[in-house]
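Q: Line by line, the protein sequences are chains A and B.
1 is the number of the first residue of the first sequence in my numbering; add one for each residue after it.
1 is the number of the first residue of the second sequence in my numbering; add one for each residue after it.
No lab work stands behind these hints: they were computed from the structure.
Some chain A residues near chain B, calculated using beta-carbon distances under 8 angstroms:
{"id": "1", "residue": "R165"}
{"id": "2", "residue": "A167"}
{"id": "3", "residue": "S171"}
{"id": "4", "residue": "D178"}
{"id": "5", "residue": "R254"}
{"id": "6", "residue": "H255"}
Even glycine gets a Cβ: it sits at the ideal position worked out from N, Cα and C.
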Amino acid sequence: MQLISLSFFDLALAAIAVLALAATTAAMKLGVTRTLLVAAVRTAAQLALVGLILEAVFAQERLLWVALMAFVMLLLAGREAASRQKRRFTGGYGFLAGTASMFLSSFVTAVATLVIVIRVEPWYTPQYAIPLLGMLLGNTMTGIALAIDRLTQEVWRGANVVETRLALGASASQAIADMRRDAMRAGLIPMLNAMAAAGIISLPGMMTGQILAGSPPWEAVKYQILIMFLIAAGTGFGTLLAVELGTRRLFDERHRLRLDRLRRV
Amino acid sequence: MSTTRFQAIGLATGAIGPVDITIGASECLGLSAPSGAGKTRLLRAMADLDAHHGECRLDGVAAVDMPAPEWRRRVAFLAAESAWWADTPRPHFERDCAPLLDALDLSISLLDQPIERLSSGQKQRLALARTLALTPDVLLLDEPTANLDDRNIERVERLVGDYLSNRRACCIWVSHDRAQRERVASSQCQLDSTGQPIEASCN
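Please build the complete structure, drawing on both the sequences and the hints.
A: Set out below in structure tokens:
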């Protein structure tokens, strides 16, 4: 098998499908046309930019460039996770907690996989390191964003329940235990669903891409299973950590609920 | 049995106070103020639920010198509006509460009714039972009979009165009803509309 290279003309043909959809939604006045077109242009532009950067990083194969790229990806993911919150922590705490959680879970998982499982030489070979980290960051970001959003919303709405439990002598972690459990579940559900549906209902994007690009299906499947497990671990630990940091921020040392540390966006 | 003494010394939260209060065993202080003057916030500060200036002491021990959950179990704030986290009342009670429910004319079967099917008066009495079941030393009661009819008001007043004398506990009772304050409380404290005590000290 070999890779059939796509030309720009081929991509333009695919773009016609999006334009057709845009024309249809415009005719039906669904109010999503503009968003759709902007999103399509963003996809093309962002991926093209990343392509250029990846070409450069791959050609260099230097740890510094890989680390720099990983760091930029982390900051963007942290910003994206924070911007998805309806109620944000004051003072940039949400960004810091989310980014720190992503850093710990994604980077540890990625490096461990490169060194222990894939055993590529050198371990930071961009062809492996960058896509692996990207996958992990993307999924961990979704989990953390969902979990923190659920946690802050639940606490905001259920403040009287939390304070009643505190008034009855519960510690902060007892008072918020139910809400923390809900938040964890909200963060893990996309990953759990993806694992349950993998291969039966959906062919995961990475595997599809690998097969289209000429890999034997069995090799693609093995990598996909690896990725799924890593995503599960990375998302799980990242979400756990973010929820823990968020919970701590919602109370002070006297176990008081501190809603003043949240603000409406 | 130890003698309970509750003190608030220079207690202030936001623009409210400072207030000095001392309550001895089996005593009840009636607290009143115009709406919005900050009675609830004062009680919340006493339970250490809000940040505040000054300090509260129980038998001479300051709140900061014991873990906050222990302080709140002993100095129990009962909010005017009750909140529930489980579907029925039963999971909210850890210990046997039958005598309390009996004294408040609540049937045991209410424990398994969905919370949303209970009347506000039933919820208010259940919330009082929930707090008393934890046997606190100090009761901070915020309008505990606001939703009750006369007979249940009487039951609540009698139950709290018995509790205070049997356990030598003390109580701050917030009420708009002057007659009630005079029935239940041995001393009175009044705040003006800016949250300042009307007499120099509320002792």
